[in-house]
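Colleague: With the hints as a guide, bring the two chains together.
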Amino acid sequence: MRVSEPRRRPGGTYQAVVIGGSAGGVEALQVILLALPHDFMLPVLVVEHLHHSDDGSFALHLASLTQLPVIEPCDKTRIEGGRVYTAPANYHMLVERDGTIGLSVEERVNWSRPSIDVLFESAALAWGEALVAVLLSGANADGTKGLGTVKKAGGLTIAQDPAEAKSRVMPQAAINAGVVSEVLRAEQIGRLLAALSG
Amino acid sequence: MNDAKIEMIEIDLLLETIFQRYGYDFRSYARASIERRIRQFLAGSRCSSISEMIPKILHDEEFFSNLVQYFSISVTEIFRDPLVYRAVREKVLPLLKTWPHVKIWHAGCATGEEVYSLAIVLKEEEVYDRATIYATDFNDESLDRAREGVYALGKLKDATKNYQQTGGKASFSEYYHAHYDAAAMDGSLKERITFANHNLAVDAAFGEMHLIFCRNVLIYFNRELQNRVLELFTDSLVHGGFLCLGTKEDLQFSEVSNLYELVDAKAKIYKKKST
Ligand SMILES: C[S@@+](CC[C@H](N)C(=O)[O-])C[C@H]1O[C@@H](n2cnc3c(N)ncnc32)[C@H](O)[C@@H]1O
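Protein chains in written order, with this note's numbering: chain A, 1 to 198; chain B, 1001 to 1275.
The shape of chain B in the complex, shown without the other chains (with noise of 0.2 Å):
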């Protein structure tokens, strides 16, 4: 048996371990990556081989927590593909304007960056006031820093290019307030949103959302998993609600494709079919 034959069997291992162990199933996210995650890991560790890792998982929850926390992959940005937020304003936000509320569900919000962004677009387009928006992730870090709204100065220089490039009409600098190297999204962003802890591998469906965003969360599941949550998310939104993937994320291989027409090839925006 040769080398990659053994990782295989240690990754193996380690993946059941902590799914034993504290009920986090990592058996189905994307291997490639989450092995990747596993040696770079371990090469900052203080173990020889991934096997080593093992008995620190069963027995050191701190060791365990930080390797979660490198799991979990928040990079993220401020008005990301400035063509979805685009695609937004000028084909949802008309259709959801019609519902007297709306509610959203940001799935695998990180940091908050693209919570943020899209209340931006919400208020400008008058949809915010009557909204009610839902941001979760399984990183509790994240979310705290997701909550406190406070992003590095220097990243806010594309941010407001990127916020030009989707039709914002005001000037970017409104919505947030710059003290020294930092910039705190202005309070008014943060009233209609809560930010909470959901595990999209085992948690339940989130009833009646109008429009639900999971960006760049799918891409690290396997087939399995992904059509797990793509069923999660079709029981989770009203009839004629939308649905907003990542850029490099599809539908058209899911089993719930049917089920969906799609509103925006590039920004991989989908509408739930009313029957």
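For reference, chain A alone in the conformation it holds in the complex (with noise of 0.2 Å):
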């Protein structure tokens, strides 16, 4: 597969990356965090599916594994660039246009809670055309319908590859709604993203 150049967008620069993995994405999380440089400009959101009685340990086991902060945001927390905010366990996590983060218990979404359809969608009609998302390996469709609102509002789609994937099913259902533009493995989506701000 073709690595893509880092790109500007014609009307500017990208100002926000969401990520969303299951099953085995947590592996692909690692590579991709660990390729982005310690003054990284844009704010990371991330929905991984956790087990709902996760106390925070897993926004610890990040913040390991990356030079960026961590933050499992509280409600109305402010989006800052150069973080990673990562979904509390059990709440949904939405982006609001005043670019401040707001949590939901309301019923899970494609079984899971965060999930990371809600969080692309809110994310999409934030930033526009000036998100990039990210889908990882994981083992149920969600992210799909979020993917292709956030590709209809301009902003670029990438899914990891299914054939590095540890469970295929995540991405390769993106792939087959077509409503991912770029298909790649978690290390060239590293450097992607680190180029996206450099």
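Derived from the structure by calculation, the hints contain no laboratory data.
Everything hinted at is true.
25 Å max Cα-Cα, derived SDA-like pairs, lysine to any residue:
#	chain 1	residue 1	chain 2	residue 2
1	B	K1273	B	W1099
2	A	K145	B	I1073
3	B	K1266	A	T100
4	B	K1123	B	A1196
5	B	K1155	A	V109
6	B	K1155	B	F1172
7	B	K1155	A	E106
8	A	K145	B	Q1040
9	A	K152	B	M1001
10	B	K1005	B	R1027
11	A	K152	B	R1036
12	B	K1266	A	E80
13	A	K152	B	Q1040
14	B	K1091	B	S1171
15	A	K152	B	K1005
16	B	K1266	A	P69
17	B	K1005	B	E1052
Residues from chain A that face chain B, not an exhaustive set, calculated with beta carbons under 7 Å:
#	residue
18	C74
19	D75
20	P88
21	Y91
22	L94
23	E96
24	G102
25	L103
26	S104
27	V105
28	E106
29	S122
30	L125
Treat the numbers as computed from the prediction; the structure is a model and nothing was measured.
Cβ atoms here follow ideal geometry from the backbone N, Cα and C, with glycine treated the same way.
Modeller: Here you go:
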């Protein structure tokens, strides 16, 4: 697969990155976060399907993997560049257009809370074409609908190469739905993102 | 103008219509979540756009009441976040015990699971008999279910595990009666509970509370409404009274933060200062 040149979108630069993963997603996430430099400028919002009783240990684990500060946000946390925000277990994480994070305990979506679709859809509305959305390994189809919304809003949509993914169902579902602009390996995704804010 | 902008206008008009027609103010709810609810409701309705819902809201009360029902996110659990109940046992009740009479308010109690959970803890810590418990919500259907206190038996597995983590010493099964696939909460838990309709966005303060539980309700409000409600709580609490928020809610950036001291950071329990 071709590694595309890091690019600027026609109208300006990207403003935010959202990443979703489930089974096997953490391994890929690890590779991607390691590739991001300490002066990475964009906010990174992550939904990883967690056990509902996780008490912040996932956020601590991520923090040990990246040079960027990792935050498990409270409701209305202001989103700042160069930080990684990871959805708390048992809450959906949404992006508000005023640049803050909203949380919700509403019903599971695709059997998941947090759900990737919920994050991606709200982020697409907040950032439109300035958003990069990345869907990683996983065993269900959460994220496909959200990627569709991101793509429709003009954002860049990336799926982890199913051949590399530990669990190919999730990225493959998005590819089959025709909502993915780039299919890349985790290490390529990391490089592409790192170049975005260079 | 792109579709997203047009949709924003439609949503503004819809919320304004609800407010003017029925007095329910969802204009100050957290936007991303209420927009999601509207889109989902639209998908299950016969309307083809959000603006098409507006005349229905104006003229069809049943349509409106279904929509409001859908806006009220009533997801809750028995002993959700056991660490909270443990902190209440260890840090709040020993102090409440020193009062001859204790008034407790659950604001946004949904279908009541949280109210019965706390009632159990109050019983075990010997505070129940001197407590008066108010449990309020603006959703009448939820309140009816809360009054009944009958829950699916399947849900009680997690509850039993969580109960033990709160430091519960009895067997959780003492507190309910199973009947086929349903569990009815024991009547003795209900004696001191009054369920009532109260809308946090428009109704007035409740007097002289010693403990207010308001968990996972403020997340649905914008900053402005959050501050209004927090002021309402501050007015409703006695000096030295306690406020318990959801584990992902915070007083830190609110207008009342300097009126409280933190009692437990994880359980989000605050105490109103006495000045
Ligand atoms: C997610 S539930 C929280 C239930 C419970 N406190 C818990 O944490 O498990 C949110 C509740 O807030 C209620 N609510 C929303 N807006 C309200 C308002 N303006 N006044 C009173 N209750 C409201 C909803 O009807 C719903 O029952």
